[in-house]
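Produce the entire structure from the sequences given, and follow the hints as far as they go.
Top to bottom, those sequences are chains A and B. For reference, each letter of the first sequence is one residue, going 1 to 287 in my numbering. For reference, each letter of the second sequence is one residue, going 1 to 245 in my numbering.
Bear in mind the hints are in silico, worked out from the structure with no lab data behind them. Please note that the accuracy of each hint is not assured.
From the structure, some residues in chain A lie toward chain B, with a derived Cβ separation under 8 Å [unchecked claim]:
id : residue
1  : Val107
2  : Phe109
3  : Phe115
Covered by chain B, per the in silico footprint, the following chain A stretches (three or more residues, Cβ under 8 Å) [what the hints assert, rightly or not]:
id : stretch
4  : 71-81
5  : 124-136
C-beta: ideal position from N, C-alpha, C; glycine also.
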Amino acid sequence: MSPHEVRREAQGEAQDEIQDEVRGVAIEIEELEKSYGAEPVLRGVDLTVRRGEILVILGASGSGKSTLLRCLVGLERPDAGRLCLNGVDLFHDPPAAVAALRERMGVAFQGGALFGSLTVAENVDLPLAEFTRLPESTRRIVVDIKLALVGLRHARDLLPAELSGGMVKRAALARAMALDPDLLFCDEPSAGLDPITSAGIDQLLLRMREVFGVTLVVVTHELASAFSIADRIALLHRGRVQALGPPAELEASTDPIVRRFLDRRADEETESAGLLEGLLEERGIHA
Amino acid sequence: MAILSGRTLDRMVLGPVRRRPIRLRTTLAQVARAGTESLPLVALIMLLVGMILGLQSAEQLDRFGVVDLVAGLVSVSVARELAPLLTAIIVAGRVGSSIAAELGTMQVDQEIDALTVIGIDPVHYLVAPRIAGLVIALPCLTVFGDAVGILGGFLVGIGVLDLGASSYLMNSLTALTLEDVWGGIVKAVAFAAIIGVVGCERGLATRGGAEQVGRSTTAAVVRSIVLVIAADLFVTGLLYAGGGA
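Laid out in structure tokens, this is it:
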């Protein structure tokens, strides 16, 4: 590394620290480790998410991004490390503090995870009915506001099975935003959607941040979506943060792993699989 | 399964103390579901079994010239053993399987995860009402099965064996004691808990996709039936060992 690059990196770190202090830290992840059996999935992840920031976690399949998200929302207990959301240690603080934290966070799952037996409005109303003492008439107004925010007011009485893919994602976002959370986690919000609907979801996420000042953590492997919404991108590779920075910084990266991902080049394993297929085909063997 | 049973019992018993009683509306919906799904089948099976039992026992009792004992034999056998066991097997097939399929699908579709991250306890929200619903519905279905089974024997008694209607009924009532009916109800409560816990546990343990949901459903029915029969032996031993009751 040249003296110029060292100086630029030091300046970048100093700027990050200043921004952390000014805006406050919403999420702190330190040395997070998680294994499934003997297979390590997260190998010491360190990340900080600033309040009001949109952090996109990018990574190939098997990079550990979904496991990281499951740890962040409390669905998986990490083997080691520390995970603090809004200053609450998700796995070590008392249950009452964690329960209060849960009311301040929303999660939109990849497939929506809407309750199939409830209408769209009932899905959005569920957190309100459980955690507020609002009368039903007020809850109805709140639900309509949330549905209007995602453009689904007309679909309030439909069942999830009657919705299109994009509508399911928007309904899931409306439910995640029901209690006006500070933290919003989205798992593959654009996966399986056409480019126009996908762009609409991106706009919606940006509007959520603009209107509510919510901190967003978005897990995706959609490059276009990541680059259009992210303040910073964390690229996960084999359970570690390979690169972290604003989209422009990542775009300019010369790290071969980052380049391979951004330039959509096949990895060695896929390439060798291709070679094997070629060899088999040459010998007239069809897998 | 033991952990799930403990957690469910905790939500049922200590829930009201913590001002989190189990959901009445969901529980009643489960009672209605168990009833509507199983009632016609319980009626049909118990009517046929009552008739078969009447015919089978009549042949044996006729050798000793005591064919009029058919009434007592049918009513006691139905109340003590056949109605609780067969109703439980029907409910395991109809309701236990649908609970496993429903929760399994919810697990696969991440709906259980969604409940957890919202902060809603899936055991309180989903499991406890289903088990409570079965614990209410199965004894009711068993008493209904008792009545229909005895009716089956009665129809054979007066239609095939030429026993008088009033004497058949009198013999039934004389042989049948309240303890016989209570014994059947006690069994039904135990069987309901088994079917509910197994169905919920298999559903929540589902991982993967649609194929796994199918496997969980089958496993729930098979395990429930095996455990119900094993529990039947145990409860029968407790209630009637040594020729009691």
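Do the hints match the structure? See the list:
1. Val107: Constraint on Val107/A satisfied, holds at 4 Å.
2. Phe109: holds, 5 Å
3. Phe115: holds, 6 Å
4. 71-81: Holds, because 3 residues of the stretch 71-81 of chain A bring their Cβ atoms closer than 8 Å to Cβ atoms of chain B.
5. 124-136: That given contact holds, which follows from 4 residues of the stretch 124-136 of chain A lying within Cβ reach (below 8 Å) of chain B.
Consistency note: the structure conflicts with none of the earlier hints.
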